[in-house]
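Once you've looked at the hints, dock chain L against the given chain W.
Protein sequences, first through last, are from chains W and L. Note that the working numbering has the first sequence beginning at 1, numbered continuously upward. Note that the working numbering has the second sequence beginning at 200, numbered continuously upward.
I should point out that these hints are in silico values taken from the structure, not numbers from a laboratory. Small disclaimer: the values here were computed from a predicted structure and weren't measured. Only true hints are included.
Okay, the calculated bits of chain W under chain L, using three or more residues with CB under 8 Å as the criterion:
hint	segment
1	28–39
2	46–58
Facing chain W, according to a computed beta carbon distance under 8 Å, are these residues of chain L, among others:
hint	residue
3	N309
4	I310
5	A317
6	F321
7	V323
C-beta atoms are modelled at their ideal positions from N, C-alpha and C, and glycine is treated no differently.
Residue strings, one per chain:
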Amino acid sequence: MFLVGSFFLFAAFLITTCIFVIFSKNPVNSVLFLVLAFLNSTFLFILIGAEFVGIILAIVYIGAVAILFLFVVMMLDIQITTLMFNIKRYIPLALLFAGIILAEIVYLTVFKTSKDNLDTFIRSKNNTEQIGDVLYTEYFIDFQLSGIVLLLAMIGAIVLTHVYRPTIKRQNIESQNSTTAEDRVKLLKIKSGEGIKDD
Amino acid sequence: MTSLSFELTIGILKIFSFVVPVLVSVALLVYLERKVLGAVQLRKGPNVVGPFGILQSFADVLKLLTKENLLPSSSNKFLFIFAPMLTLILSLIAWAVIPISSTYVIANINIGILYLFAVSSFGVYGVIIAGWASNSKYPFLGALRSAAQMISYEVSIGFVIITVLICVGSLNLIDIVESQKNMWFAIPLLPMFVIFIISALAETNRLPFDLPEDEATLVAGFFTEYSSISFGLFFLAEYANMILMSSLTVILFLGGWYPPIDIFPLNVIPGIFWFVIKVFLILFVFLWVRATFPRYRYDQLMRLGWKIFLPFTLIWVVITSAFLFYFGLLPN
Numbered sequence: 001m002f003l004v005g006s007f008f009l010f011a012a013f014l015i016t017t018c019i020f021v022i023f024s025k026n027p028v029n030s031v032l033f034l035v036l037a038f039l040n041s042t043f044l045f046i047l048i049g050a051e052f053v054g055i056i057l058a059i060v061y062i063g064a065v066a067i068l069f070l071f072v073v074m075m076l077d078i079q080i081t082t083l084m085f086n087i088k089r090y091i092p093l094a095l096l097f098a099g100i101i102l103a104e105i106v107y108l109t110v111f112k113t114s115k116d117n118l119d120t121f122i123r124s125k126n127n128t129e130q131i132g133d134v135l136y137t138e139y140f141i142d143f144q145l146s147g148i149v150l151l152l153a154m155i156g157a158i159v160l161t162h163v164y165r166p167t168i169k170r171q172n173i174e175s176q177n178s179t180t181a182e183d184r185v186k187l188l189k190i191k192s193g194e195g196i197k198d199d
Numbered sequence: 200m201t202s203l204s205f206e207l208t209i210g211i212l213k214i215f216s217f218v219v220p221v222l223v224s225v226a227l228l229v230y231l232e233r234k235v236l237g238a239v240q241l242r243k244g245p246n247v248v249g250p251f252g253i254l255q256s257f258a259d260v261l262k263l264l265t266k267e268n269l270l271p272s273s274s275n276k277f278l279f280i281f282a283p284m285l286t287l288i289l290s291l292i293a294w295a296v297i298p299i300s301s302t303y304v305i306a307n308i309n310i311g312i313l314y315l316f317a318v319s320s321f322g323v324y325g326v327i328i329a330g331w332a333s334n335s336k337y338p339f340l341g342a343l344r345s346a347a348q349m350i351s352y353e354v355s356i357g358f359v360i361i362t363v364l365i366c367v368g369s370l371n372l373i374d375i376v377e378s379q380k381n382m383w384f385a386i387p388l389l390p391m392f393v394i395f396i397i398s399a400l401a402e403t404n405r406l407p408f409d410l411p412e413d414e415a416t417l418v419a420g421f422f423t424e425y426s427s428i429s430f431g432l433f434f435l436a437e438y439a440n441m442i443l444m445s446s447l448t449v450i451l452f453l454g455g456w457y458p459p460i461d462i463f464p465l466n467v468i469p470g471i472f473w474f475v476i477k478v479f480l481i482l483f484v485f486l487w488v489r490a491t492f493p494r495y496r497y498d499q500l501m502r503l504g505w506k507i508f509l510p511f512t513l514i515w516v517v518i519t520s521a522f523l524f525y526f527g528l529l530p531n
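This is chain W alone, in the form it adopts within the complex (with noise of 0.2 Å):
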């Protein structure tokens, strides 16, 4: 009964947070809300008795993604109304790919697993051990493949930003630390009326 009720009160804050994140008219609320879509997804997670997989979620896309996209919304100078007039175009693109995701979820509870072989597969033992006791045999090549998406990812946006700029100076820290005193400062004893003579 609690677990029930409070899946139904999870889920529909959820879908509330994620209707705000798409109908908010200031982007940075527009994250906020995301983050706390976020939020009730790992509450759904934890209370599946996926404790792990709910607190990764919450580690990666609560405390890296959604701050990174905040940080990036946050110094966007955006036109709230041109913003909403553009709304519309992506509509078809939207329902695309709400079809596939809707698919992909049919796929998965209807056809591919039984519900029961589901619960005992998760009470059975230590969630995150199952989770380790899988990811380096069965899935390592999956687990491989993905990570090397994500370099490639990460470097392909480097190379797009990163460009060389000669004129741009440049500090080099090995030869900031290797200099002493001597380098930079002289003593000279000057003669009174002379100066300095330029060597």
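Frame of chain W, contents of chain L only:
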């Protein structure tokens, strides 16, 4: 039904038994910091309110409470008020999983260390929301700096935690402490211990890494616009976070509630005493560092995080796991 309400009462009492000592020790920590800084700089420090000035922080809190809370007219009002609350809440809810002794803990959950890591990574939201909601340039720059800084140092903190977890074989905080019964992890993992303390300084925005509130360039950083008790909440949260990171250091590296050597006069002293003593020592290191080192420049901070700590911790994760695997010391 009575058993439920009984459990609820016990739970609430347990929560108070953690939160009240934490808040009191925040006040004492502020006093201690001013005394230590005074001693380092050959001054007396606070010495007027109460015996040896020990009530100074309580007097400061009362002063903050009686002042007017100013709301900048161009700020986002809701988020402006919400940010300090969020910061304090996050620094207090982390205490739910901290084990003071082998039995004294509010919630002994399987993924305690991940919960702590998640909560400490949420801490940046308070800062970044405060900076944005103030709608003013210095708080905004402070918020941007802190967002980048805290994310950078979380990466190396994550690798340090992974090294400890490889040696323990469990994510449960009590298991982590109990596996240090014979040897504290600070000894075999000394470099990671040092890196963890330095990253903790950066994560709690303490000197020499307090660039988010760098008064020389940013007035007061992200809380420039805050006054009265909303400033007080940020202040409380910063010190509560310091105590939290120190306890995390004690749990991960200094054997939690265990005495230094397991011999007669030491092991009859209750574990909570050892825990408090160790936390106090780490906190003293925090204050000592503040009195000793000058502030880093921002590019030096980023270089230290990404170019030195990240590769070093990554290599240590590999070395530790290879060592444990080769000598058959892996847990389980």
